[in-house]
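Once you have looked at the hints, place chain G on chain P.
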Amino acid sequence: MHKLLRTMLRVGRIAEPAGTAPAPSEAALAPTGSVQVRHVDAGSCNGCEIEIGAAFGPVYDAERYGARIVASPRHADALLVTGPVTRNLAEPLQNTYEAMPAPRRVVAIGDCARGCGAFAGAYGVVGAVGDVVPVDLEVPGCPPRPEDVVAALRELTGR
Amino acid sequence: MSAGEVVGAVVASLVQVVVVVVGAPYLTGLMRQVRARMEGRAGAGVGQPARDLRKLMAKEATSPEGASWVFRAAPLVLMSTVVVLAAAVPFVTTVTPVSGASDLFAVVAVLMLGTVALTLAGLDTGTAFGGMGASREVTVLALAEPTILLAIFALSVRVGSSDLGDIVEGALATPSQLFWPASLLAAVAFAVVIVAETGRLPVDNPSTHLELTMMHEAMVLEYSGRDLGMVELASWSRLAILLGLGVNLFVPWGVATSLAPAALALGVLALVVKVCVLGAALAAFEVFMAKLRLFRVPELLAGSLLFALLAVTASFFLA
Numbered sequence: 001m002h003k004l005l006r007t008m009l010r011v012g013r014i015a016e017p018a019g020t021a022p023a024p025s026e027a028a029l030a031p032t033g034s035v036q037v038r039h040v041d042a043g044s045c046n047g048c049e050i051e052i053g054a055a056f057g058p059v060y061d062a063e064r065y066g067a068r069i070v071a072s073p074r075h076a077d078a079l080l081v082t083g084p085v086t087r088n089l090a091e092p093l094q095n096t097y098e099a100m101p102a103p104r105r106v107v108a109i110g111d112c113a114r115g116c117g118a119f120a121g122a123y124g125v126v127g128a129v130g131d132v133v134p135v136d137l138e139v140p141g142c143p144p145r146p147e148d149v150v151a152a153l154r155e156l157t158g159r
Numbered sequence: 001m002s003a004g005e006v007v008g009a010v011v012a013s014l015v016q017v018v019v020v021v022v023g024a025p026y027l028t029g030l031m032r033q034v035r036a037r038m039e040g041r042a043g044a045g046v047g048q049p050a051r052d053l054r055k056l057m058a059k060e061a062t063s064p065e066g067a068s069w070v071f072r073a074a075p076l077v078l079m080s081t082v083v084v085l086a087a088a089v090p091f092v093t094t095v096t097p098v099s100g101a102s103d104l105f106a107v108v109a110v111l112m113l114g115t116v117a118l119t120l121a122g123l124d125t126g127t128a129f130g131g132m133g134a135s136r137e138v139t140v141l142a143l144a145e146p147t148i149l150l151a152i153f154a155l156s157v158r159v160g161s162s163d164l165g166d167i168v169e170g171a172l173a174t175p176s177q178l179f180w181p182a183s184l185l186a187a188v189a190f191a192v193v194i195v196a197e198t199g200r201l202p203v204d205n206p207s208t209h210l211e212l213t214m215m216h217e218a219m220v221l222e223y224s225g226r227d228l229g230m231v232e233l234a235s236w237s238r239l240a241i242l243l244g245l246g247v248n249l250f251v252p253w254g255v256a257t258s259l260a261p262a263a264l265a266l267g268v269l270a271l272v273v274k275v276c277v278l279g280a281a282l283a284a285f286e287v288f289m290a291k292l293r294l295f296r297v298p299e300l301l302a303g304s305l306l307f308a309l310l311a312v313t314a315s316f317f318l319a
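These protein sequence lines are chains P and G, in that order. Per the numbering used here, the first sequence starts with residue 1, numbered consecutively. Per the numbering used here, the second sequence starts with residue 1, numbered consecutively.
Excised from the complex, chain P in its bound form (with noise of 0.2 Å):
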């Protein structure tokens, strides 16, 4: 305990500065400056998660804004979906969106998501996430940024 409160006492705020809020959007859900995430990996390489996972970590701190990550679709207002849509995988995510209460939105992570990336045509692969349940905003990139997922979830938030 005494090394931990040591650490802690050394290290201070790691957290990066937040820069300006972004403009308000349409994909925005109302300005309630909350949003609750639920992920779903839809057949990703894990590139993403570890994206993600940075995102909500100290370093760039998406928690600050409004967005926290959580267990149940009922919970959720976000749908995080990563990887081209796997045909097991096709089902879970339509009932997973589905599961969620109203007003939703769907954010498609990465390149696999949005187009199937390098993945497109193989025999497992339904489609991109677009082509299962209806994306209202996307993040590029393969993985996309820390910051780019950030951004992405501060437009929701709008703050």
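Since the hints were derived computationally from the structure, they do not count as laboratory data. Using N, Cα and C, we set each Cβ at its ideal position, and we do this for glycine too. There could be a bad hint or two in this list.
[Unchecked claim] Covered by chain G, according to a simulated footprint, are these stretches of chain P (three or more residues, beta-carbon under 8 Å):
| # | region |
| --- | --- |
| 1 | 8 to 16 |
| 2 | 33 to 45 |
| 3 | 57 to 63 |
| 4 | 71 to 82 |
| 5 | 97 to 109 |
[To be verified] Quick list of the computed label-pair ranges, beta carbon to beta carbon:
| # | chain 1 | residue 1 | chain 2 | residue 2 | range |
| --- | --- | --- | --- | --- | --- |
| 6 | P | MET8 | G | LEU292 | 20 to 28 Å |
| 7 | P | MET1 | G | ALA58 | 41 to 49 Å |
| 8 | G | LEU294 | P | LEU9 | 28 to 36 Å |
For chain G alone, kept in the frame of chain P given last:
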């Protein structure tokens, strides 16, 4: 009690309800903020839970297929128990409009009613996690409730009354009682129970996303929108209520014993300061804690029950 006093007492109870229910989201925000700062993060700000709540209240509430009225009624039952507790327990003033409402046994029973309503709702959803969360919650409940009863009972022995208002008044009249072995032992037992009952570390992790480690969260996985907002507000209020009860029993200074407006104002101020300090301390303590393995939780709670039992024994032999 004259008619004027009854009106005054009702107003004082309303003040308590407003302070507890409005203040609870900000208390949770403060605790999250303390934790965020200690982890090196910037944090979402003290007002974030209130923002979450405002958004949830504007969303539709969904109901899982096959869920009965139990599922829909549970948030209302839970919220009403919170309002009753906020009105009856001596937070701001020891004067209550209905005599007997702040009785120790009544308060613990109402506290339990809220938990049971939520566990039944967890079972009613028919999902694996709902049932698992409910069974875990009842395991904790079965050990935590007797401890609350025993710990406060140890304090009531010296006053000769099980009314929480009388206990707080007795402690204010003779503060030296607070340093008796019985009080100190009861304080330790009560502290563990607060942690267990409100689902904080090391018993339960309020920010977990892993269904297998959940207790409280697992029961409310199926709630959404308005219903979820009500469940969240009620859980935050229960945290505020238990912290408020704890500080007023063991650090009673500032609680009004009359209905004078100045005394009530001081009571509100004292309550807010004491609960915020205790909440921040609890959040800071949690940063150094890992969640206990589920099978170790009963050991922790049995230990606190032992402390409560010793407190009762001490109050009998050493008083």
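Consistency of the hints with the structure:
Under the rule that three or more residues need a Cβ within less than 8 Å of chain G, the assignment of the region 8 to 16 of chain P holds, with 6 such residues. Note: the region 33 to 45 of chain P has 3 residues with beta-carbon separation from chain G under 8 Å; the three-residue rule is met and the coverage holds. Using a Cβ-Cβ cut-off of 8 Å, 3 residues of the region 57 to 63 of chain P lie near chain G, which meets the minimum of three, so the contact claim holds. A count of 5 residues in the region 71 to 82 of chain P with a Cβ less than 8 Å from any Cβ of chain G is obtained; the coverage claim is therefore met, three being the minimum.
For the region 97 to 109 of chain P, the stated coverage by chain G is satisfied: 5 residues place a CB nearer than 8 Å to a CB of that chain, which reaches the threshold of 3. For MET8 (chain P) paired with LEU292 (chain G), a C-beta distance near 23 Å keeps the hint of 20 to 28 Å intact. The hinted range of 41 to 49 Å is satisfied by MET1 (chain P) and ALA58 (chain G), whose Cβ atoms lie roughly 42 Å apart. Against the hinted window of 28 to 36 Å, the Cβ-Cβ separation of LEU294 (chain G) and LEU9 (chain P) comes to about 33 Å, which satisfies the hint.
Of the numbered hints listed earlier, not one is contradicted by the structure.
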